[in-house]
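Residue numbers (my numbering), protein chains in the order written: chain A, 1 to 328; chain B, 1001 to 1328.
Wrong hints could be hidden among the right ones.
FRET-style restraints, in silico, Cβ to Cβ [unchecked claim]: (1) A:28 x B:1282: 45 to 53 Å; (2) A:20 x B:1262: 40 to 48 Å; (3) B:1126 x A:126: 24 to 32 Å; (4) B:1262 x A:266: 51 to 59 Å; (5) A:239 x B:1089: 28 to 36 Å; (6) A:197 x B:1087: 50 to 58 Å; (7) A:259 x B:1026: 52 to 60 Å; (8) A:100 x B:1252: 32 to 40 Å; (9) B:1009 x A:321: 29 to 37 Å.
Because the hints were derived from the structure by calculation, they are not lab data.
Backbone N, C-alpha and C define an ideal beta-carbon position, used for all residues, glycine too.
Protein chains: 2
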Amino acid sequence: MEILKLVKNYSIGVDREIENALDTLDPENLHSASNHIIKAGGKKIRPALVLLTAEAVGGNRKWAYKTAAAVELIHTFSLIHDDIMDGDEMRRGMPAVHTLWGEPMAILAGDVLFSKAFELVTQTQAEDIPSENVITALKTVVDSCIKICEGQALDMDFEGKLDVKEEDYLKMIYKKTAALIAAATKSGAIIGGGSEEQVEALSQYGELIGMAFQIQDDYLDVISDEEELGKPVGSDIVEGKMTLMVVHTLEAATDADKEELISILESGDESNTNRAIEIFNKYDSITYARDIALENVNQAKKLLDMMDDSPAKEALYNLADFVLERKN
Amino acid sequence: MEILKLVKNYSIGVDREIENALDTLDPENLHSASNHIIKAGGKKIRPALVLLTAEAVGGNRKWAYKTAAAVELIHTFSLIHDDIMDGDEMRRGMPAVHTLWGEPMAILAGDVLFSKAFELVTQTQAEDIPSENVITALKTVVDSCIKICEGQALDMDFEGKLDVKEEDYLKMIYKKTAALIAAATKSGAIIGGGSEEQVEALSQYGELIGMAFQIQDDYLDVISDEEELGKPVGSDIVEGKMTLMVVHTLEAATDADKEELISILESGDESNTNRAIEIFNKYDSITYARDIALENVNQAKKLLDMMDDSPAKEALYNLADFVLERKN
């Protein structure tokens, strides 16, 4: 897709910032452990959002590279620590950091990336960026970090619970996923020198596409074919994970359907996947999830109307669409 | 001791800042897990150093409360994560966070305290503090966090190694312990509006007493009586820990003494403690450690000469002495 080419292009400068930031880390095992997931790739959509929002409000992309790199490091830090907490052995098709270096070094690698992220934002300096804006960008980024921790705690709280309300589920994905994407678009707008209204609009834009991104993940798990998705369809069901479909169905279903769905989610048995999808469909939960994602993306795009036309604005528009167009 | 009364007095405002900062954390288990070690106490010397250095350069103590609270939260974060990494089940006479809440929640509790620390520094605002100074204070604090991670990685690298050079040992304790104490005194001086020379002198003061603090810890382990120390004498030897005495002896000793010391450190046998101390004494390693700590403290006190006389300056002087006077 055209938009992914642009994101890839923008990521060159981000990768360079990250490499410079991590270059001096000592000792060598800390250096390699903290670089591992970064070297494994990733789409780099979050840092592209920082750069694009900075440009969309009339700023220079160069001003925002350090903050963009910071946002990617925070994302990486949270992946490394989440993999330890969730006991996930693989990440981006490679062994997770704790799988290769052990938990103590993986904890440290996350901690040091977190520190490096803040170091990068404090290094943001350019004639046209007042120090107050750097502090506001820092506040934005740090606030999302607090939310990421809270979101992960909520997610862990959900484990084994099957009476999660839709409202609580949405709060969890807002904190765990959308808050950092909102921090990316908001901090980009701040560093780019956007007006208060622009900063607020782009912050909301980020939050909306962040929510849509997570809900689309839930949706893809049940409507894809395995080849496109790159993993077995229905694996969320087999793992008994909370998704928007699950919470929606559990709130609407008859006691009998509810009990059946719960027993499927608790079974871990792949052969039940289709039956769970049937129950979701009985309560229109799959359409419901898709509709919510679509509505979020449409609202996000509408918020861009207040911005002057520019290639960056068009890219943000296309990125919002990409959230729903992607197949994996 | 008089100076501990002053530190306790200063800690009241710091405790209030910390309580306010953590008050909103959600869900409740994240809130309690991240408060646990803080409620367990601690001497609060680091935050007192932030407040005292701010005052010593002519600033208002009030300006520095948020940074003082931040430094204490960073210290707490590192204790929580270190306890997981080192497998230590107890902290401050209480079960460690991971002992009570499990490792995943303990990782998160550390992460959220880390985030809250940076939030606190970004909230530092007063008419007389230019935003540039807040950013410089942030850089100071974040730089010490990177060093703490590197120091812990170096410390873990030392495990099982018995050919650690004195230089490497000193680098490790500088990063793991002294860097945060130096960040406390430096950031206090910055927030207090100190001159470049004052900031540099107080940063060095912090580094020197931080080094002395750790070396005194090593020293106390072999010269105390159990009642005063609050734990068995020689427990570093039983645990086979690197200390300044060990690295000094290993560099100076005959092959026979070296081999004997190594086999004692590897044995984990308490009955060998006195023999290890004999070997340390044969190479004057205990006196050597005490001399280095004393020299650091004297240098630290000398750096205070450039400051105008004030109660804060006197307290910093007394705190430097306290590092060597303390019995546990």
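Numbers of the earlier hints that this structure fails to satisfy, in rising order
When the structure is compared with the hints, numbers 1, 7, 9 turn out to be violated.
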